[in-house]
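Trainee: Keeping the supplied structure of chain L fixed, place chains R, Y and F upon it in accordance with the hints.
Here is how the chains run, residue by residue.
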Amino acid sequence: MDFSFSTEEEAFRQEVRGFLEENLPDPVPTTPEFLREWNAKLRAKRWVGFAWPKEEGGGGGSLIEQYILKEEMSLRRAPPLGSDFMGLAWVGPALIRHGSEAQKKRFLSDILDSSSLWCTGYSEPDSGSDLASLKTRAVRDGDEYVVNGQKIWTSAAKQAKWIFNLVRTESSSRYGGITCLLIPMDTPGIEIHPIDNLSGRPGFNEVFFTDVRVPVENRLGKEGEGWRVVMGALANERSGISESTEMTRKLDSLIELARNSRKAGRPALEDTSVRRELAAFDTRIEAMRLNGMRNLSRQLKGDPPSSETSINKLLRGALEIRMAELSLEVLGSASQLEGPWQNAALSFHGTVIGGGTPNIQRNIIGERILGLPKD
Amino acid sequence: MDFSFSTEEEAFRQEVRGFLEENLPDPVPTTPEFLREWNAKLRAKRWVGFAWPKEEGGGGGSLIEQYILKEEMSLRRAPPLGSDFMGLAWVGPALIRHGSEAQKKRFLSDILDSSSLWCTGYSEPDSGSDLASLKTRAVRDGDEYVVNGQKIWTSAAKQAKWIFNLVRTESSSRYGGITCLLIPMDTPGIEIHPIDNLSGRPGFNEVFFTDVRVPVENRLGKEGEGWRVVMGALANERSGISESTEMTRKLDSLIELARNSRKAGRPALEDTSVRRELAAFDTRIEAMRLNGMRNLSRQLKGDPPSSETSINKLLRGALEIRMAELSLEVLGSASQLEGPWQNAALSFHGTVIGGGTPNIQRNIIGERILGLPKD
Amino acid sequence: MNFGFEEEQELLRREIRKFLDEQCPMEEVRRLAQSSDGYSREQWKQLAELGWLGLMLPEAYGGAELTWVDAVVLLEETGRSLFPSPLISTTLAGSAIADLGSEDQKGRWLPGLADGSRIGTIAFLEDNDVLGPAGIQLRGRPRGDAFLLSGEKRLVADVEQADLWLVPFRVGDPEDAIAIAVVERDADGASGRPLPSIDRTKRTGTLQLDEVPVGPDALLGPPAGASLGLSRVLDRGALALCAEVIGAAEAALRITVEFAKQREQFGHPIGHFQGVKHPLAEMYVEVESLKSLLYYAAWAIDEDPEVAPAAISRAKAYAADAFTRIGIDGIQLHGGVGYTLEYDIQLYLKRSKWARSMYGDADYHYDRVARARGL
Amino acid sequence: MNFGFEEEQELLRREIRKFLDEQCPMEEVRRLAQSSDGYSREQWKQLAELGWLGLMLPEAYGGAELTWVDAVVLLEETGRSLFPSPLISTTLAGSAIADLGSEDQKGRWLPGLADGSRIGTIAFLEDNDVLGPAGIQLRGRPRGDAFLLSGEKRLVADVEQADLWLVPFRVGDPEDAIAIAVVERDADGASGRPLPSIDRTKRTGTLQLDEVPVGPDALLGPPAGASLGLSRVLDRGALALCAEVIGAAEAALRITVEFAKQREQFGHPIGHFQGVKHPLAEMYVEVESLKSLLYYAAWAIDEDPEVAPAAISRAKAYAADAFTRIGIDGIQLHGGVGYTLEYDIQLYLKRSKWARSMYGDADYHYDRVARARGL
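Protein chains in written order, with my numbering: chain L, 1 to 375; chain R, 1 to 375; chain Y, 1 to 375; chain F, 1 to 375.
Bound-form chain L, shown alone (with noise of 0.2 angstroms):
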């Protein structure tokens, strides 16, 4: 067991740190001119694509090298690494597994260089958690596929260029009957309806589909092949340590929040509850930070990725919640005003609701891990 960074890695950090000094003023301006300059330097860095093969126009640098570059701009709360999130998330690791090179050539420098925006169509109005029962059809005719159906909880959608979507050419296999297709969002027949959140505010949007002529060479791996193609984008990397950042600056502010409020007369930081729920969160957080390092580790050791990110998601979907609560109580009466931490106790994160419901991420350790019978 080793903590410890080799001197290349910690050469690595001091430099990404002497980058930060050097780049990133404090506050962190939100200009699109300056994320526009940011992007410009981070892709020629090659820190836009860290860990992709250089071939491909990445890093290639190593998963540690990758874990240190995310902790260190997390930590100086840094913009995200690439602003066009779903092509770095999904698209380019799909391409460069399955894409040809007509289509890598096409799309992946794009990505890198943060001036293309990509939107996904994965869940459907009737699917939820179970994705695999989408029904978007697309039925070929002559070098087009032709497209209808509807997704659901699609981000972005109004700005993205293009969708990463899954569609159903065979309906008698559940997997095998998906298929990956890339769709420009101007094509004609697509059309985008907003969905307010509770909030009132638009987040999400449906996407609908009709008679949507798509080229057959937009289509990303072999027919019936969509849910390999996104299983393996899936597989990424995916440690889960840079959420454990998120919690520890959410944890810090509630902190701060329980510091300056008043609890029946007393600072709420007085209260003996009060404390050791905060460390529970803290302790909590502290697992959710080393489970992503034991993920990790196995990754650097070659062992394929399995459902371990499933721990991580429970842990958070049950943190999310808790924590909410805490900076509600901790308000106190002023608990019933709209504000920043009311808007949060509202706004349920995505490992608490939406596609990886907690009862789906159960079920998976239950079934793939412990190997228990399917319900």
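Just to be clear, a hint being listed does not mean it is correct.
Claimed, not checked - Just some of the chain Y residues that point at chain L, by a computed CB distance under 7 angstroms:
#, residue
1, F19
2, Q23
3, L66
4, N128
5, L138
6, T206
7, Q262
8, S357
Keep in mind the hints are simulated off the structure, nothing from the lab.
Note that the structure is a prediction, hence the values are computed from the model and not measured.
Ideal Cβ positions, reconstructed from N, Cα and C, are used throughout, including at glycine.
Mentor: Relative to the frame of chain L, chains R, Y and F by itself:
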């Protein structure tokens, strides 16, 4: 809404109090002689089988007087009303509804006189909470049934004279193939094996039946009617009020324990979270008491008993666990030693484990009350 | 003994239900929540005509002279519909004036509250966020036989809607040296400033007092004599709130059960899975237990006032925890759609967040239960 | 960076596993639990020969000079088997002597601890039940250059088995004025009295001291200088206990999973139902998270001692809550049979009750985490 009692009811309460004043020493003796005398006195007052019809030897009392009687008895920690617990709870009510005149004559007065002792044969090794899956077979042979099989979790099997036994007379119908037989425990072919509980003390028993011959006249109800016979008895008065009295006594002792224990050097009762937890127990026990009174009121109005008792079983199950845990917390390091609280924390109550596990209660509520589809 | 509603109360419930279903279905609730008034003056007039604004006020002043149990029936239904209106505030103000006011004062204010021409509220919280007499730090500065009031009251329900503000203030150092003034909307120096509530069906805000003179005719009872009256009105507030919580929690359960019956996943309605069924069953347990606790508390206010404060605190503490959990589980079981403005469950989640701390949170009330239990 | 065990450690684990499977299967554990010694002298000798008693002691004194990470491997396996022995006590005593003792003292005691001829333990609790230097109230009465010790130490692990008792005592008023004496079994006035432990695989009792003289050669380090040493040995105790908890909790999970796969109810293995599957998944989450927390803490003892105390407290606090829950859920999911002596799950339940408070309960350790976090 009216929580007051009529003049007659108040007079009855005074009568019970007067009786207890006169006949129940403090502390309550536990000698067999005292219990015999006590049972005889209760019997003379027709307080054993209080709500059974007068013509069957019972008291013909109202549900509300029965509530008053039980409440007063419980407050004074009096021994139970009659000593043949299973006879009073199950066998008597079933006999009254389904028994022949000969059967009633033979068994009822013994039950009321506390001179009989019944045990029950419901659970089987493979049936668990799913009682209707029982496999003990009874095959008709002339004027007799021949019984083969095994029962488990039978209390007092060693001491009992008779067993109220469910057997399968037909295998094609799940509920309809069950028959109820009344069997003397000294019939050849019956063997009893005590089961040691986790404290190493014998508690329940296994009862084995090998070619046990039972005269047909010992069948209670018709062949295949056994499920109805048992469920009818189950629907007897079960408001669950006396359970809350029992829990109040446990809470009182727990409060005493907290008063006399030190936690991290200070009296445990001064710990805010201990006090709040005790208050939460008090609140839940009060909810149990009041849930019971609402059930009783519904019964008084003639509403058929439904699944409301599942509510108190779930409340109690959670309370038993949380109260045991708090007792250990309050004991501090002494919780590592054997002792009454520690043993209580190991010996789960029946609402927590065994026959009516919480999951079964949740299914009952979910399916029968909320109308959700069966699993 | 009858722990249930009387036939007249069931009738009252049906009338209220009919009124709300016809006049204030969910679309109307949503419209009112976005309106500037926050309620419908038209509906308010109808409530007055139906006699529900003065439900418990003396007949001599236009009331119906009913009990708190009747009020519970009314408020369960308004809670179920999330009916937006200053009903609780006005009821509390009326009840305080009826309790503490002189005949002259009653004659001056009660008829207007009963006939809907005036709205009342009580401003009981200050910056220290401590509930009850101890929290009242705003001091009346004596001038002649009057007092001048300067300061701020926080989180005053319906502050902008109200025509009468009941303002408790301090007239001396002993904890109970509290007076309550009735300040009319047009008083010099008094003004209500609305703040955005997390639940738009409930309005709140700040009451600013700047040298507001209150003469002896504006004081309810003798100066320094209103401490008990203040505690009592807060108890009643907690009771009224719990009644609305019952209706709202039951509605949240009902719509989640319906959703679980319809929504299919992995080939089954999701209500088929124990991971969904069991939390719903627990919600049912909590709603029913809360009913028992609250009905008893409401009965006690009129019939056994000594036990009422502890009974109310049990109900409010239990309600705060139970409704919080029901809100969270309800929206979690809805999955992604619960997050959208379209489904009603989010409205109940917001109500649960608002109700948590209103009239004291769980900690506050469990501390009171502990004291009542002698801990 | 490698957050995983080295190949040699995996090898060590396999050796230990083989030894325990062969020498101490569950029947043997049960037999030893009922024996008067509480462990097998024969097995103890074998442990010594395999080098596991002096695992971390200096080679010069017969040890293997390995790390706490190696000790974790050993203790995970003994915990998994519920191996009854004074291994933790002896390890702690040896580690304290190696840390604080003079060369002379090390030469006197360590070889005997390493070769299995002597058993050691530490007597750190008194009547006040406060862990750490502040809890040590037993005062050494100076006589010449020696001290006389009189008093009682409570809940001393393996008190009767031990040949050496490490006895912390107070030599002055400042909180850290603590000395640690090594008292040999045959010292005048010292005697160990066993008390029945809730977990018969773990022995405990009281150490009685009546004018026991301890000279300078029996004191570890200078008088008044052992406060930090005491804190450190308690930290290591918590760490060692957590390592055993991991093994035990994982075993409890495994046998419950096996049970859930085999036991059928309502036509399915019970593990098919989410009501069973999901709690098992949560157990898995807790075991894995505890591993991450503990491995890091073990690494930190040797490599980053400054972060070790907080890391250990996180692990122990988390372990106490997690194992308590795993014990309860494990036995609940077994249903009635979990209650019997026959099934092994009850042995793990007892271990969970014993482990809750040993070396500090969750509250104690969360308070320490809070302090480390600056709260």
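Trainee: None of the hints should be skipped; say for each whether it holds.
Mentor: Evaluation of the provided hints:
no. : hint : in the structure
1   : F19  : violated (27 angstroms)
2   : Q23  : violated (24 angstroms)
3   : L66  : violated (29 angstroms)
4   : N128 : holds (6 angstroms)
5   : L138 : violated (15 angstroms)
6   : T206 : violated (10 angstroms)
7   : Q262 : violated (11 angstroms)
8   : S357 : holds (5 angstroms)
This entry does not satisfy hints 1, 2, 3, 5, 6, 7, going by the numbered hints stated previously.
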